[in-house]
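Protein chains in written order, with this note's numbering: chain F, 1 to 825; chain E, 826 to 1183.
It should be emphasised that the hints constitute simulated quantities derived from the structure, not laboratory data.
Check each hint, because a few of them may be wrong.
Said to hold, decoys possible - Derived, one-sided and incomplete: chain E residues facing chain F with beta-carbon distance under 10 Å:
1) V870
2) S874
3) E890
4) R993
5) D1045
6) A1046
7) H1053
8) G1130
Stated by the list, open to error - Far from chain E, by Cβ distances over 12 Å, these chain F residues were calculated:
9) M1
10) E150
11) P410
12) T510
13) G638
14) P673
Where is the CB? At the ideal position from N, CA and C, for every residue including glycine.
Next come the chains, spelled out residue by residue.
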Amino acid sequence: MRAPLSWLRDYAPLEAPVDDLAATLSALGLVVEGVHHVGGGLGGVVVSKVLGIRRHPDADRIRLVDVDAGNGEVAQIVCGAWNFAEGDLVPLARVGAVLPGGMEISRRKMRGEWSDGMLCSASELDIPEPPGSADGTGPGLMILPRGLAEPGAPLADALELGPDVVFDLDVSSNRPDALCMAGVARDLAAALGEPWAALSSGSVLPPVDRSVGVAPITVEAGDLCPRFVGTVFEDVPLGASPAWIARRLTLAGMRPISAVVDVSNYVMLDVGQPNHAYDLDRLGGGGILVRRGAPGEILETLDGVSRTLGPEDCVICDATGGAVGVGGIMGGASAEIGPGTTRVLLETAWFQPMAIARTGSRLGLHSEARVRFERGVDPEVAPWAVERFAALLAAVAPAASGGRTLRRGPSSDVRDDAHMPAPAVVRVRTARVNAILGTDLDDGDVAGLLGPIGFRAEAPEPGVHAVTVPSWRLDSAREIDVIEEVARLWGYGRIERTVPAARGGSGGLTGRQRDRRFVRQALAGAGFDEAWTSTFLAPGDLERAGLDPAAVEVENPLDRSESILRTALLPGLLKAVKFNMDRQGVDVRLFEVGTVFFLPGEGRVTPEEVEHVAAIVGPGPATEGAGAVRGGAGGAGGAGAVRAAVLAWSYLAEALGISGVSLSAAAVPGMHPSRAANIVAGDGALIGAVGEVAPEVRAAYGLGGRVGYLTASLDALLGVARRRRQARDVSRFPGSDVDLAFVVDERVPAAAVLATLREAGGELLEAASLFDVFRGGQVGTGRRSLAFRLRFRASDRTLAEGEIAAARQREIDAVTAAHGAELRG
Amino acid sequence: MTSRLTPENTPSIAAAAAAVEADGRRRIEAAADLAALREVERTVVGKRSELARLHTRLARLAPEERRDAGAVIHDARTRLQEQLGRRAAALDAEERARRVAEERLDLTEISTHAWLPRRGHLHLVTQTREELEDTFVAMGFAVAEGPEAETDWYNFQALNMPPAHPARGMWDTLYLRLGEPGQVLLRTHTSPVQVRLMESREPPIYAVMPGRCYRRDTPDARHTPVFHQIEGLVVDRGITFGDLAGTIEAFTGAYFGAGIHSRLRPSYFPFTEPSAEFEVTCPICAGEGCRTCSGSGWIELGGCGMVDPNVFEAVGVDAEVYSGFAFGFGIDRLAQVRAGLSDMRVLLDNDVRFLTQF
């Protein structure tokens, strides 16, 4: 919403400094997003006419333009814009001019050619550009209307740009009353303590002429269009509007077209009533029928698009039933006024906001009328709008009517009160106002704040107001709505700031939230960088990752590549690794904690959401070479990536202090068939998986080298029993280390042997770990040697030689028996 | 036996001692290291040294001369031993210096080495979220979470937006192909968690709700279709708009630091009334005016307001007994402002060169 200050001043003095006015508007919730000072700083800017355009001998992107600068003087200007042609009128800033932005124009050489000034764009002159005139793709000159003025005329005079200020307002959707000058001025005047008065149309208002007659208006769809006011005007002026109307429309952001259209738009911007002027002679039957759309009915709207209507839509038709417009949104092409129009039927109606919203969004049709009607136009403003229309058109007439006198017929007001909003009377308690706002207002304060914005507060009893809400504030119907008005006019900034004493509850993170942070910290500590991959995947991403393709689909994705919800973090992380590898990333290690989505379970409509944690180790020198398993049995080289993934798991498990969890070799979707394991809790519950990404999967994601991967369900992970935080005495006695190497079959997991050692070692076994793996040589194929270091220690004595020997033998016996192992000599 | 020996007197002993001492001095000075010095010590002042032998000659002196001659030998021994001590200290220092020189290590060879174990980095958004959570936790808030896929009821209807409510247009919604058309969607804000919280728990409620949200927005420098929000909700007896403004101000000071303040101005949200937008002093220029704040000195952070009675009604909270406020803002946007990101889309790239900056 662009509000020129001169226009607002039709309603109130508003003489405060512009900065204060802007601050007041913002504090009222009519947020000022920009303040344009127009008409000032245009000294030295004149209208000029393009005579010729020549190539710059030494540059491609700028050209030489010869303009008529007035009095037959031809100036050569160097110009970088391309949106004009010979014969166009354009603004010329002459040498010595200072533009509104402070730029001083001097005679200068550009690439060896003199430029005697500068041709200007609207923004360089701080003149709001009519919408549609700049496509935003590049700099363009302001093209002035043909015949605007003779070359050399000061631009400010030609455009009647006396100094003015335009406020660019962001009006929230609950305030349709502020989508017009009268409404903005009303709020502003109230906040400033100034009187607000409706413009008196005075003597220019043409009297109602009964001889003009009344167009027949029939409303069949009273629920969609509860009020339709039709007024006939005869001998309407032809041609363009006077400059002051054109200028106000331009400043407000609309393009002047012709007198009738301009006045129609002016009335909407002035008092907030969207309206439509039909060429009465092109309306079949000379009247209007308002009805529901027929199923499949097609109407071509003014924008040239054919729209399919239906019974939910309100259609404006001529008296014969032929559609001429989508009610309250956009007119049709058939009864549009044109250069030959002399008789006009003016529609000033009120449409059901919800109906407008539904039709508008279904048709994807946007218009100034729709914006206002769907938010709620003042249902009682129509007669005033008709008067404004008549008075403005009459004021235009002498200039543009060719001697005829505008005549105005009586209005026909078809009204279905059952579907009109009833005027709201709201009970407002002063105590409630103070309880919600934290203020200390009395009855008089409340009434005094509300009065100037048209909320009439009567006090049937002390402390209670009966507030009559004005018809232009359909958004306000409850006590809380009125309290908001009190707050707005009192000023948010004046309300004393307090801090509630949090009672009852206690703040803090839940155990799960703390644990999740800990998981992140642990993985970062293990050298992984946290990624944030998209929730969306492309169709086929899951299959390419070797995963079940069943997934939740997005009904209206922005792009097909974002049309399904992830069921795993793997595809996103593979893409992230690929992204980094393509940018020479080395040693890419990423992790993510994020939600994945599964199809809803029985009897549910929303997806099952599970938080996953995953870590990925990208290919690279650090993973291909270092740490490769020695011996290479079965081609087991290049184990660096998978090793890093398993180490990440071990690190995480140790950091969380979880116990009783084992890795169990398994076929895991998306993973290398012989290099993957499930992570299984002591009770058999599946926590996740770790291993190497299957060769075909990484190839499908464009990754050449081996990739390690760890994934777990966060809840399953955090649900595992934790090591108790219970101190254990450390022994003061010396321990004894015993190394044992066993030759076992490849299929016997090292973890199983270690578990046997721990079990057989009993209390005396303080620590046990695998320290060497050997394949080849005497060991034989299909087998490998696993060397463990065991430390025995007692808490109360130094172990005797015999005790150690006995313990050692127990270990050997147990492993031999359980795993078919042989002690290696 | 003694008759065959050369007669002795004090001067002869003294002369011999002087010679032995001079010789000893030379040898002490000549010792090249501590081991050599120990050998010299043995031969100069040891039991079989010249000096020890000289001592035996005292026996040949007349008893009255023995004391003087003995003193001469003793003095010579004392001086030699002192010299040995000095020499030992000097050699020890030399040896330490040599060892230190040999063990010289350039620690920057280690600190700058590519093999240095790398620490991982939490995502900028995670860091921002955790800082925000911690700030609110310190103010007495709990942290609550909820699902990212929601029904129309939780995302819109319970928040005072019945079907076809024009305010729904404020959010471009991504719908899921589940249930009735339009029934299941990706939440457009974290506000559904408010509804769930109030449904499941009696007031008082003091909670913040961080999480991922979705809008059908074409990505640009300031918007991504997937983003993160944090929302706060307080429901208790006697909560006022003044409490809202004070809480926002307390948060602003706690999070951004002294000198950063907040202000509220009227706005519109369907689920709050009165509603406000809140702005904070631009943390980049401290209110002086800069590119980040378009010269205004203020940054618009988010929206807030008093919980609308219709929302209370939808979740079964008595609006005559309880009142409350809610506020919310974008975590990513805040991270963008604080870290000076020119384009928010970089948050989704997962470029390691970006991730490791934080």
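Against the structure, the hints come out as follows:
1. V870: violated, 44 Å
2. S874: violated, 47 Å
3. E890: Hint on E:E890: violated, closest Cβ of chain F at ~65 Å, above 10 Å.
4. R993: holds, 9 Å
5. D1045: Interface hint status for E:D1045: violated (12 Å vs cutoff 10 Å).
6. A1046: Cβ of E:A1046 sits 16 Å from chain F, so the hint is violated.
7. H1053: holds, 9 Å
8. G1130: Result: holds, 9 Å to nearest chain F Cβ.
9. M1: holds, 14 Å
10. E150: holds, 39 Å
11. P410: holds, 35 Å
12. T510: Given that some Cβ of chain E is not farther than 12 Å from that of F:T510, nearest at about 7 Å, it is violated.
13. G638: Holds: least Cβ distance 20 Å, greater than 12 Å.
14. P673: holds, 28 Å
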